[in-house]
Structure formats: C-alpha cells, structure tokens
Amino acid sequence: MRYWLALLLALIAGPLAAQTALPPAPWADRQIPDAGQERQAKALMETIRCLTCQSQSIADSNASMAGDMRSQIRERIMAGERPEQIRGWLISRYGDWVSYEPTADPILWPLWLAPLALLALGLLLLRGRIVRRKDA
Amino acid sequence: MRTILIWLPLALFLAFIGLFAAGLFQPDDHIINSKLVGQPLPAFVLPAAASDRPALASTQLATGKPRLLNIFASWCVPCAAEAPQLEALRAAGADIDAIAIRDARADVDAFLARYGNPYARIGLDARSSVQIALGSSGVPETFIIDGRGRIAYQHIGDIRADDVPMILDRLKATR
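These protein sequences, in sequence, are chains P and R. All residue numbers for the first sequence refer to this note's numbering, where the first residue is 8 and numbers rise by one. All residue numbers for the second sequence refer to this note's numbering, where the first residue is 431 and numbers rise by one.
Derived from the structure by calculation, the hints contain no laboratory data. Do not rely on the hints blindly, as some may be mistaken.
[To be verified] One-sided excerpt, in silico: chain P residues whose CB lies under 8 Å from chain R:
1) M72
2) D75
3) T110
We put the beta carbon where it would ideally sit given N, CA and C, even for glycine.
Bound conformation, chain P alone (with noise of 0.2 Å):
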C-alpha cells in the first residue's frame, strides 16, 4: 500500500513544473515552413547533446534550456547559417562533449582506426582457415 502511494505521488510530482513558467521559445517545437531547412535543423539537432539530460539530444528532450537551443538552432538555419558552423559555435562554448558527432582529432584516431584494424584482423584469420582446409 505505501509504495502505491509513493508511486501515486511520484507521479503527481510534477518535475516540469519546477523548470519555468514561461511558454517554449517561438521555434522550440515549430518546424521551418522550409523543408529543406527543417531536415538541416533537425539533422543537427539530433547530434547536439542536450546540458540538462545530458543523455538525451536536445531534439529528444523536453528540458526547457533544449526547447531554447533548438529555437535557436532553427532561427539561425533561417538566417543563412550552415548546420556545421552553428555545431562549431556551440563547441567553441562548451567544448566537443556538446556534439556527438566525432571529430577527426588525434585523440579520435583509434576509434577510426578499429574497424579497419578489426577488418584486417578477421581476413587474417579466414585466411589462415582456409589454407589450412586446403592442405587437409
């Protein structure tokens, strides 16, 4: 019976409630009428790391510092900006941890460099098997 009520009264909680009074910024949820444009915004949406859920895009997250980003996001593709030069904007802010694209940087190279080696590693070992099967 308590954890029926522990779990009633989780649910009333009401944890959005705690964030802000103020409605969504004018293009939080409002897609571009260009579609175009919208696939652009969405697509860098999608690879933006959210800073309140941080396991979240700010695409998936319903925090209102997100619904701001991606308002953001939407009215500068508008203006002209290209989605690469907004990603490196809010880089230069909160460093590669924002954007869950990988980069190219040095740090980066063995995650590049796995499948290739993992490649190489498996046709290593097929090979291996099926001079073996010849000779049998």
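Fit chain R to the known structure of chain P by using the hints.
Below, chain R alone, put in the same frame as chain P:
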C-alpha cells in the same frame, strides 16, 4: 596456453560486464565547464529583469574592476539557497550583476523581495540565448569578469557558505 586462450573471451566479457555495471552505479552528473574561461565576454544587450534595477549589457561589465556575474532564475530552487552567500559577498565588497534566465519581471521581483537583492544590474535572458553564448549549462552559475571584460572564472552550481572565501580570494586575485 590453449586453455588460457579458451577462457580469454569469457574473461573479456566479464570485464566488460563489470565496466558497465560500475557505470550504472556511478552518478551521471558531468560538470561541463565553459570553454570561454580566459576569453572576452560575448557581446550582449539585455532588457531589465526587475522593476528596481537597471538593464545589463556586456560593455557594463568591463569597468576596470572585477565583478561577479550571477546566472540565476526565480524558478530555480538552489538559486534561493545561494542568496545568503551572494549577500555575504556583496557585504564583503563584491560588485554583483545578474542575468535572469527564462524569467518574467513579476516573478523576479517576487523572488528578490523574498530572498534579497544583492545585484547592481539584472538583465533578462528570456530565451537562454546569452546563457548559451556564455557556455553556461544551468542555473545557478557565477562568473568572475575581470576589469577588461574577460571571463576569469566560472563557478557551477550554488555558492555554498564555504565557497565564499575562495570566491573573494579569486576576485581579489583578478584584475
């Protein structure tokens, strides 16, 4: 040798399970510092957030004397908790300006009436745009701005009572 090799995949698998399990139990609260520390404050002009305090522009923060820039909001609970510490900083001679995030004037007025008003100027950032330009990721945060308008230090989260001497020392060390 062969028996060791046979157990190796299982050992690796268990090592990964251990790694992921450890990750599950670690609190996921990364603190994201602004990359603008050490750089000039981005330019901004904000309207007034409170009825009895003037508006805030970035040029007003480069006064030749270091100042504190507090990022707060009337809807933010830890901001209310840090109010006494801001009051103590002001009493110790710190000049404090503020930016209210996603706020409305009536709410800011009510917040200041209840928790005190240590601010010289308060700008209203209704859509978090200045907050994002500052590389700030939440409320409350407090920046030390040096006399030339550069960001010298960023304090993330509410200022606790034992942070006050540290902030005053940093303020003194900043020019």
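*asked:* Hint by hint, where does the structure go against what was stated? Just the numbers, ascending.
replied: 3
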